[in-house]
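Residues per chain are reported as follows:
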Amino acid sequence: MGHEEELDAYRSQLLESLNSRPTIRGVSDPIQVYVNERRVGELEGAGIGATLQVQCVDHIETIQLRAEDGTLLGGLTAPECGYRTDRVRISADTVELSVHNMAQGGTLSALFTPAPSFWSRAWKSIADVTDRVVARRPAPAYGMRMVAFTQALLAIAVVGLVTDRITTGRTLVRTPSPVVQTATLSPAPVADMARFEQQLDELARMQAKVDDALGSQQKGVVQLQQAMVKLSSTQESFESNVLTVREEIEKRLETVGRETDRQTRQMASRGRVEQEQLEAAIQNLTADNHRLSKEVVSLEEYNQALKSKLQTAVASASKAVDPSPERLLKMADSLQATQQMPFLFWVTFSDGTSQESIDKWVHEMQGHKGAVSEGWQEVRILPPAVPADRFLEQVRGEKIVKAARISQ
Amino acid sequence: MAVTRMQNTLSKSHVMADRMATVNRLEEVVSTSDEFDQVVSQALPILLDRATGYTKRFLRETGQWSDDIEHEKFALRWGSEYLERFLVCGRSEVPCRPLFLFDSLVAKQHSRPEPFCYHPDLLRPLGRFLDGLVARAVVSRDALIALYHHSYGWGAGDVIAVTGLNGLESQRIYKNFRRWRESGWQRTIDEVGLTKAELAELGNQQQRHRQRFNSDAERLIRVAQAHYRKSEPDHYPCLSRSQWGDMFTQGYGCDYRIWHLALCLDCMQTAWGLGSSGSLTGEKPRLELQVRP
Numbered sequence: 059m060g061h062e063e064e065l066d067a068y069r070s071q072l073l074e075s076l077n078s079r080p081t082i083r084g085v086s087d088p089i090q091v092y093v094n095e096r097r098v099g100e101l102e103g104a105g106i107g108a109t110l111q112v113q114c115v116d117h118i119e120t121i122q123l124r125a126e127d128g129t130l131l132g133g134l135t136a137p138e139c140g141y142r143t144d145r146v147r148i149s150a151d152t153v154e155l156s157v158h159n160m161a162q163g164g165t166l167s168a169l170f171t172p173a174p175s176f177w178s179r180a181w182k183s184i185a186d187v188t189d190r191v192v193a194r195r196p197a198p199a200y201g202m203r204m205v206a207f208t209q210a211l212l213a214i215a216v217v218g219l220v221t222d223r224i225t226t227g228r229t230l231v232r233t234p235s236p237v238v239q240t241a242t243l244s245p246a247p248v249a250d251m252a253r254f255e256q257q258l259d260e261l262a263r264m265q266a267k268v269d270d271a272l273g274s275q276q277k278g279v280v281q282l283q284q285a286m287v288k289l290s291s292t293q294e295s296f297e298s299n300v301l302t303v304r305e306e307i308e309k310r311l312e313t314v315g316r317e318t319d320r321q322t323r324q325m326a327s328r329g330r331v332e333q334e335q336l337e338a339a340i341q342n343l344t345a346d347n348h349r350l351s352k353e354v355v356s357l358e359e360y361n362q363a364l365k366s367k368l369q370t371a372v373a374s375a376s377k378a379v380d381p382s383p384e385r386l387l388k389m390a391d392s393l394q395a396t397q398q399m400p401f402l403f404w405v406t407f408s409d410g411t412s413q414e415s416i417d418k419w420v421h422e423m424q425g426h427k428g429a430v431s432e433g434w435q436e437v438r439i440l441p442p443a444v445p446a447d448r449f450l451e452q453v454r455g456e457k458i459v460k461a462a463r464i465s466q
Numbered sequence: 011m012a013v014t015r016m017q018n019t020l021s022k023s024h025v026m027a028d029r030m031a032t033v034n035r036l037e038e039v040v041s042t043s044d045e046f047d048q049v050v051s052q053a054l055p056i057l058l059d060r061a062t063g064y065t066k067r068f069l070r071e072t073g074q075w076s077d078d079i080e081h082e083k084f085a086l087r088w089g090s091e092y093l094e095r096f097l098v099c100g101r102s103e104v105p106c107r108p109l110f111l112f113d114s115l116v117a118k119q120h121s122r123p124e125p126f127c128y129h130p131d132l133l134r135p136l137g138r139f140l141d142g143l144v145a146r147a148v149v150s151r152d153a154l155i156a157l158y159h160h161s162y163g164w165g166a167g168d169v170i171a172v173t174g175l176n177g178l179e180s181q182r183i184y185k186n187f188r189r190w191r192e193s194g195w196q197r198t199i200d201e202v203g204l205t206k207a208e209l210a211e212l213g214n215q216q217q218r219h220r221q222r223f224n225s226d227a228e229r230l231i232r233v234a235q236a237h238y239r240k241s242e243p244d245h246y247p248c249l250s251r252s253q254w255g256d257m258f259t260q261g262y263g264c265d266y267r268i269w270h271l272a273l274c275l276d277c278m279q280t281a282w283g284l285g286s287s288g289s290l291t292g293e294k295p296r297l298e299l300q301v302r303p
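Line by line, the protein sequences give chains A and B.
To convert, take the position in the first sequence, counting from 1, and add 58; that gives this note's numbering.
To convert, take the position in the second sequence, counting from 1, and add 10; that gives this note's numbering.
Misleading hints may appear alongside valid ones.
To be verified - Listed below are the simulated SDA-like cross-link pairs for lysine to any residue, each with C-alpha atoms no more than 25 Å apart in a straight line:
hint: 1; chain 1: B; residue 1: K118; chain 2: A; residue 2: Q362
hint: 2; chain 1: B; residue 1: K66; chain 2: B; residue 2: H237
hint: 3; chain 1: B; residue 1: K118; chain 2: A; residue 2: G428
hint: 4; chain 1: B; residue 1: K240; chain 2: A; residue 2: M423
Stated by the list, open to error - Computed footprint of chain A on chain B, listed as stretches where at least three residues anywhere in the stretch have a Cβ under 8 Å from a Cβ of chain A:
hint: 5; region: 22-30
hint: 6; region: 52-62
hint: 7; region: 137-151
hint: 8; region: 156-170
hint: 9; region: 218-228
What the hints assert, rightly or not - The following residues of chain B were derived to be distant from chain A, with all beta-carbon distances above 10 Å:
hint: 10; residue: S41
hint: 11; residue: E94
hint: 12; residue: L97
hint: 13; residue: V98
hint: 14; residue: K118
hint: 15; residue: P130
hint: 16; residue: K185
hint: 17; residue: S193
hint: 18; residue: Q215
hint: 19; residue: R251
hint: 20; residue: T259
hint: 21; residue: G283
hint: 22; residue: G292
Hints were generated in silico from the structure; no laboratory data involved.
No residue lacks a Cβ here, since even glycine has one placed at the ideal position from N, Cα and C.
Please work from the sequences and hints to get the whole structure.
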C-alpha cells in the first residue's frame with residue numbers, strides 16, 4: 059500500500075468514527091466529567107439525582123462528559139462571564155449542566171437524571187393529579203392527607219382493574235383463533251372499548267399536563283441549582299474569609315503574645331539585675347554603716363580618753379598653780395567664751411575718706427560695721443591673734459584711720 | 011478517451027461546486043442545535059481537512075514539520091480530535107456561524123502552550139502506540155486501567171491488589187478490562203493509525219530484542235506520561251512513600267491512586283507493595299510493554 063492510499067484509508071477511518079461515534083455506556087456506568095480537558099470527577103450513572111459540584115480557580119472554558127470508554131457523550135462551551143445551562147441527553151438519561159463564570163474562577167454544577175421507568179411515570183402522574191385535586195380543596199392538613207390517601211388508593215385500584223382487564227384480554231386473545239375472536243365479540247366489550255378510549259384520552263390529556271408540570275418543575279430545579287451554586291460559592295468565599303481572618307487573629311495574638319513574653323522577660327531580667335544591684339548596695343551600706351559605727355565607737359573612746367587626759371592635765375596644772383581646780387575650769391570656760399565673743403573697737407576716719415573705702419577696709423578686716431556715735435564708727439571683728447593694744451596700734455597705722463580706741 | 015477526460019472534468023467541477031456550497035452554508039448563521047448538527051454533519055470532510063491544514067501550519071511554524079506520512083497522520087489525528095470536540099461543544103454555541111466557530115476553536119487549542127505531545131520518536135510505530143495509549147488513558151477509564159496491563163503485564167486481580175481497591179471498585183476494574191479487550195484497544199489502534207503490518211513489526215521487535223524494546227518503550231512512555239499527566243486534577247501531584255502509605259492504610263484517595271499510579275512510573279516504584287498488605291513482596295515492577303490487550 060502506498061503512502062497516499064494509507065493516508066486516505068486513515069482519513070476515511072477517522073471520518074467514519076466521527077460519523078458513527080458509538081456509545082457503549084452501560085446503564086450503571088459512571089459519567090466522567092472534564093473541565094478544560096481535565097478530569098474533575100464523575101457522575102454516578104445509576105444514582106437518581108446524582109450531582110457533581112465543581113469550583114475552579116481558573117475560568118471554565120469547556121465541559122465534557124465522557125463514557126468509561128472515552129466516548130465524548132456531550133459537552134458545553136462556557137461563556138466568558140455569566141451563566142449558561144444546557145441539558146445533555148445521553149440515551150434516555152439527562153445531564154443538566156450549569157456553569158457560572160465569574161471574575162475569579164468559575165463553578166460547574168452537573169445533575170444526572172436517569173430516564174424514568176414506566177411505573178415511576180405512572181405513579182408521578184397519579185401523585186400529580188392527587189396533588190392538584192387536593193390543592194383545589196382548601197381543607198385542614200389532616201383532611202387533605204386523608205383525601206389524598208383515599209384518592210391514591212382509588213387510583214391504585216383503578217390501575218389494578220385496568221391491568222386485570224388487559225391481562226384478561228391478552229389471555230382471551232391468545233387462546234382462540236382470530237376468527238373465533240371476531241365472532242365472539244359482543245356489544246358489551248365494544249362499550250368497554252369506548253370507555254377505555256375515553257379514559258385513554260383523559261390519560262393523554264393528563265400526561266400532557268404532567269409533562270408541562272415536569273417541564274416547569276425542571277426549570278425550577280435548574281433555577282434552584284443555580285441558586286445553590288451561587289450560595290455555595292458565596293458560602294465558600296465567606297468561609298475562606300472567616301478562615302483568613304481567624305488565621306490573621308491567631309497570627310497577631312501569637313505575635314503579641316511573643317512580644318509581651320519578650321518584654322516581660324526583659325523586664326524580669328532587668329528587675330533581677332536591679333535587685334541584685336540594690337542588694338549589693340545594701341550590703342555595701344551595711345558594711346559601711348558597721349565600719350562607721352565602729353569608728354564612732356572608737357572615736358568616742360578616743361574622745362573619752364582625751365577628756366580624761368585633759369581632766370588629768372587640768373588637775374595636775376591646778377595642783378601646781380591654784381589649788382582650786384573648779385576656778386581653773388571656770389577660767390578655761392571663760393577663756394573659751396572670750397575666744398568666741400567678737401572683738402569690738404571704735405575708729406574715726408581721716409577727712410575725705412569715702413564710704414566705699416571704709417566698707418572695703420571693714421571687709422578686708424572681715425568685720426562688720428556697727429553703730430556710729432559722734433564720728434566714731436563701731437567695728438566688730440573676730441578676736442585678733444595679737445593683743446588688743448598692739449591690734450589697735452596696727453589699726454591706727456592704716457592710711458584711712460584717724461584714731462582708734464576700745465571703749466566708746 | 012476524450013469523453014472520459016470530459017467526464018472527469020465535469021465530475022471534478024461538480025465536486026468543487028458542492029464543496030463551495032457546503033462552505034457557504036457553514037458560513038451562514040445557524041439558529042438551533044438541530045440545524046447545527048445537520049449543517050456540520052454534511053461538512054465533516056471539509057472541516058477535517060481544514061483542522062488538519064491548521065495543525066500542519068502550526069507544526070511548520072513551530073519547526074516541528076517534516077514531509078512524511080508520520081507527520082501527515084499526526085496532523086490528521088489532531089484534526090479529527092478537534093472536530094470531535096467541535097461536534098459536541100459547538101451545539102451549545104448556537105446561534106453561530108459554524109465555520110468561524112470551528113476556526114476559533116482550533117485557534118484556541120493552538121494558542122495553548124504545548125497543545126499536543128510532540129516528539130519525533132513518538133511518530134514512529136512504537137511511539138505512536140504509546141502516545142495513543144496514554145492519550146486515551148486521559149479520557150477513558152478503560153484505557154487507564156488497561157495501561158497497567160500494557161506497562162507491566164498485569165491482569166485485573168493484580169491491578170486491584172497493587173492499587174489497594176475495595177470490593178465495589180474491583181468489579182469496575184473487571185468491567186474496564188473486558189471493555190478494553192472487546193473494543194477499546196482496537197479503537198485506540200485505529201485512532202493512531204497503526205496498520206496491521208506495523209503491529210506485527212512491533213511484535214517481532216519485542217520478541218527479538220526484548221530488552222532494547224522495553225528500554226525504548228520506557229524512555230518514550232516517560233515523555234508521554236509527563237505530557238498527559240497535566241490533564242490530571244491539579245491536586246494529584248507525586249507523593250513520597252510515607253504519604254502513599256498513609257493513603258493506602260487509611261483507605262482514602264482511591265481515584266488518586268488509580269489515576270496517578272497508572273500515569274507515573276516513578277510513583278509506581280515508590281508506592282510498590284503498599285496496597286497489597288504485604289502479598290506483593292517481589293522486585294519492584296519494571297516496564298514490560300504488552301502490545302496486545
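Hints and how they fare:
no.	hint	verdict
1	K118/B to Q362/A	violated (119 Å)
2	K66/B to H237/B	holds (20 Å)
3	K118/B to G428/A	violated (122 Å)
4	K240/B to M423/A	violated (114 Å)
5	22-30	violated (count 0)
6	52-62	holds (count 3)
7	137-151	holds (count 5)
8	156-170	violated (count 0)
9	218-228	violated (count 0)
10	S41	holds (16 Å)
11	E94	violated (6 Å)
12	L97	violated (7 Å)
13	V98	violated (4 Å)
14	K118	violated (8 Å)
15	P130	holds (18 Å)
16	K185	violated (7 Å)
17	S193	violated (7 Å)
18	Q215	holds (20 Å)
19	R251	holds (25 Å)
20	T259	holds (24 Å)
21	G283	holds (27 Å)
22	G292	holds (31 Å)
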